[in-house]
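Student: These are the residues of each chain, in order.
There are 4 protein chains.
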Amino acid sequence: MNTQHISSPTIELKTSAWLNTDKPIKLDELLGRVVVIHTFQMLCPGCVSHGLPQALKIRNTFPESDVVVLGLHTVFEHHAVMGPEALKVFLHEYRIHFPVGIDQADAGSNIPLTMQAYSLQGTPSFIVIDRKGKIRLNHFGVIDDMLVGAYIGQLLSE
Amino acid sequence: MNTQHISSPTIELKTSAWLNTDKPIKLDELLGRVVVIHTFQMLCPGCVSHGLPQALKIRNTFPESDVVVLGLHTVFEHHAVMGPEALKVFLHEYRIHFPVGIDQADAGSNIPLTMQAYSLQGTPSFIVIDRKGKIRLNHFGVIDDMLVGAYIGQLLSE
Amino acid sequence: MNTQHISSPTIELKTSAWLNTDKPIKLDELLGRVVVIHTFQMLCPGCVSHGLPQALKIRNTFPESDVVVLGLHTVFEHHAVMGPEALKVFLHEYRIHFPVGIDQADAGSNIPLTMQAYSLQGTPSFIVIDRKGKIRLNHFGVIDDMLVGAYIGQLLSE
Amino acid sequence: MNTQHISSPTIELKTSAWLNTDKPIKLDELLGRVVVIHTFQMLCPGCVSHGLPQALKIRNTFPESDVVVLGLHTVFEHHAVMGPEALKVFLHEYRIHFPVGIDQADAGSNIPLTMQAYSLQGTPSFIVIDRKGKIRLNHFGVIDDMLVGAYIGQLLSE
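Note that the protein sequences, when read in sequence, are chains L, C, D and Y. Here the numbering used here is used: the first residue of the first sequence is 53, the next is one more, and so on. Here the numbering used here is used: the first residue of the second sequence is 53, the next is one more, and so on. Here the numbering used here is used: the first residue of the third sequence is 53, the next is one more, and so on. Here the numbering used here is used: the first residue of the fourth sequence is 53, the next is one more, and so on.
Same shape as in the complex, but just chain L (with noise of 0.2 Å):
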């Protein structure tokens, strides 16, 4: 378990919109926190199975003045099913209540921008950055829920 080798600056998240929350969020607002980011498209089976209940299961295990969940959503297929509105029912229906922001879409590529900007290899990805900002870990795929627990409380006490 070591999170050391990646320590790349914070890349600020391009959003055309953001859900559960009042104002857009600003990554270099949240400085001193620990931040987690989970990416996911809401019909991808792995993020609804996985990726989704685990942020849940973050946002209920540490206190929100030290670890902030966001999710994004990050749609690079099927756009015109996974729009906005869709995205809406889809937060009221599985009880999503953490802020979720809408990855900016590309008009020259289906890629949204900061899928781009942070070399997101699909959904559902799990980025982690530390409390001065740096992105220590940036993972595609299923990842365990103890080895999650240990990254986050790793940064948090340092």
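One thing to keep in mind: the hints can contain errors.
Which copy? The list can't say, so a pair holds if one copy fits it or any two copies do.
In silico DSBU-like pairs for lysine-lysine, Cα to Cα no more than 35 Å straight-line [to be verified]:
no. : residue 1 : residue 2
1   : Lys186    : Lys66
2   : Lys186    : Lys109
3   : Lys184    : Lys109
Everything labelled a hint here was simulated from the structure, so no lab data went into it. Note that the coordinates shown come from a computational prediction; the quantities given were computed from them, not determined experimentally.
Got chain L sorted already, so can you dock chains C, D and Y onto it with the hints?
Tutor: This is chains C, D and Y only, laid out in the frame that chain L set:
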């Protein structure tokens, strides 16, 4: 465990389209086989986590010559984001290969026509029809795999 | 799903003791009901995690007037630490309340007598006997709840 | 999530024997590493279904150079059927390969000596000791994998 208390005549499905099948399914052409119908909405969490995986398990447990597995998309809320195109993507992503009918909308109600005819209370619902075409079970909500197996086994040997 | 291929006459259980019952169980006194027998060893991981919980679920799913659930402790290894006193503690701690027979030791073999008579290959094994006393299933290893339900349901309506 | 509230000095384990290790384990020889101790009884259902699988997951998640995983068999009931020979079979059947100490019996009490010294309330209990040898967590009952990971991760980076 007793399915005897219901013994209603078949109510034909009223659908606007069928997916995963070359031609529309007619219940009266399925006489001689046990038919199970899983009614669902693609953004209903209990359908996604329980009902549809159970339908797939039924499909994999019993031969098609004995048991027919059908899905029925009974949209009664959030109609705008659960249309046919969204459903096609959903079935593709979740690898659901058995025939799925789209319950026919009622111009004067949010409740589609088959849902009305079967007096369904919500999603997921699970309907079992015996070899003679009689409805023997009409269950709303989660139902255990062992009990589902028992209902089907009982009807198979009648 | 077909239990028809086995249709052996009942083989009476040979036991040195019974727990959780006032008097020894005789299979020929159970004619008219479906009987399921879970054979296990108390220190067999697959029995503890799968077989016995499934036996308890069968007990809770079907009425006793239709389905009899029996355990059979078929110790064929580590005999010294799986004796009757250890078994009593195990049944108490795991809250197993259905009758459990202790398969009778064979002075000349590690394999106890009922295990020999039924040609059991190991634990857990799952035996199903129909209302007429014929052995219809003799399965070694894990078996899915839905399939178990189907076997029992089929025999119930014969 | 806070392990800071406990900061007791190490209490050395009092054992009558060790299994899965060539020589007895002394906590004061483990300084510099995080030590987790799962206390259990081999016939305790919660230990078998939750505590010991979690201990194995910790062993597989963290390197041995950072995290030591120990079992402690704290028998406080049914002593006659949970002796050393039964425990050996149990560890073999459940494929538990990390060191397991047998908590030393107290001639005047059902509660063994280490269990008394740590004021353990029952099984399973989960103890975490930091790199400096201080007890940081002493938890009775089931504890979630994510929280366990967080405790360990936090102590690893202190």
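Student: Now, for every hint given, state plainly whether the structure supports it.
Tutor: Evaluated hints:
no.	hint	verdict
1	Lys186 x Lys66	within (17 Å within a copy, 45 Å between copies)
2	Lys186 x Lys109	both (23 Å within a copy, 29 Å between copies)
3	Lys184 x Lys109	both (24 Å within a copy, 30 Å between copies)
Of the numbered hints stated above, none is contradicted by the structure.
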